[in-house]
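Model the full structure from these sequences, guided by the hints.
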Amino acid sequence: MTDPLFLLAQEIVKRIEAHHYQAYIVGGAVRDALLQRQVDDIDITTSALPQEIQQIFPKVIPTGLQHGTVTVRFQQTSFEVTTFRTEGKYSDFRRPDQVQFVSDLKEDLARRDFTMNAIAIDSSFRPIDPFAGRKDIEANLIRTVGDPNQRFLEDPLRMMRAIRFQSQLGFLIDESALQAISEHRKWLSKIAVERISVEWMKTVTGSHFPRAKQSLVDTRLIDCLPVIGRNAAIQQVMEELDYSYTSIAAFVAYMELQVQTVPFSTWKREWKLSNQIKKDCEILYNSVLAYPANSLSWIIYQVEDRLLTDFQFLCQLYHQQQWSISFLQKQKERLPILTRSELAVNGKDIITLFPDKERGVWIQEMLSAVEKAVVEKQVHNNKNDIREWLQNYGFQ
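Sequential numbering of the sequence shown, starting at 1, is according to full-length UniProt numbering.
Take the hints with a grain of salt, since some may be wrong.
Here are the computed lysine-lysine pairs in the BS3-like style, where the Cα-Cα straight-line distance is at most 30 Å [stated by the list, open to error]:
#	residue 1	residue 2
1	K279	K357
2	K330	K272
3	K348	K332
4	K190	K268
5	K272	K348
6	K278	K330
7	K202	K135
8	K268	K186
9	K190	K59
10	K348	K278
11	K279	K383
12	K278	K372
13	K135	K14
14	K135	K106
15	K377	K330
16	K372	K383
17	K272	K186
18	K268	K202
19	K272	K377
20	K59	K135
21	K332	K202
22	K186	K202
23	K377	K348
24	K330	K190
25	K383	K332
26	K383	K348
27	K59	K106
28	K202	K190
29	K278	K357
30	K383	K357
31	K372	K332
32	K279	K268
33	K377	K332
34	K279	K190
35	K186	K278
36	K357	K372
37	K332	K357
38	K330	K357
It is worth saying that the hints were derived from the structure and are not from the lab.
So, in structure tokens, the structure goes:
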């Protein structure tokens, strides 16, 4: 493993070992490295207690001392370091009532959710894999560490995580895990919507969402999702569409394009979406509906660059338009202006052009008309041409 991030983590592990403690790279980073997927952050597990880690490294942030976790800042990079531990009951279905620090790595790995996430590697990058996680990865299988009923009752969000991993990786979910999800799905209601929402955003954008969607349907976990669970029409649209979505905003916008029964404000409230995501949903929905009554130039002018991929995806689904994203980007680059601030006239110029009119909303209405005309190349973006265009088109 020659990835620079792994080499930094290796140095941290070696420094901990130099102080006569055990330490290992663990969890999702190991899984993704084995799958040759991009690794963005690395977790480390150790026999050292948080206060002992604080003595080894000069810059340590006490992010979760009660659970044995600190964040080590090393060469401008953060690494979460957690003491080996076992966990008690999960009364709140999220966090253990108590944790007990232990000295055995296997005990720590035994508390984790899925076997593919319960693999550790030492300072020489040798794997420690007591639950056959590598074998399950090679078999493309999502399997819980131990009894799936126990794992899902400890934290019901793990049911959503199984679906999310299936969407991202394309793996099958172990039959006993699927049965446990079906049996315990009602407990998802005990989980904060914000946590479910994070998993759902990753699920709908996964490359294998159609397969994950089928598991949602088969286990009826779909019935436990906000908005979706009580809307048969939305469920039908989801079941009929075998695509992965480009974003959560594109997912919500498409559901509304097809069903048109749930206000965006309801999606925002029940899924705890941000104001920005709600705004993006509205922009995408209105932009897709605006075509073909409005020109493509005018529509993409109003769609921010970051939403072009979503717009292209939705137009392909809704209008069967096969525009490529590069085509839309080039069309946008060729627009005469990209923002209203680039117009050759502003509100003061409009007032000057029509000195006899009393000030009112007509000024902004006229600016909007000029803006659209310039974007659609009905008039050149200079004051004289705009004055003539306004007069010719009856703006007096």
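Could you check the structure against the hints above and give me the numbers of any it violates, in ascending order?
-> 1, 2, 5, 9, 10, 11, 19, 20, 24, 29, 37 and 38
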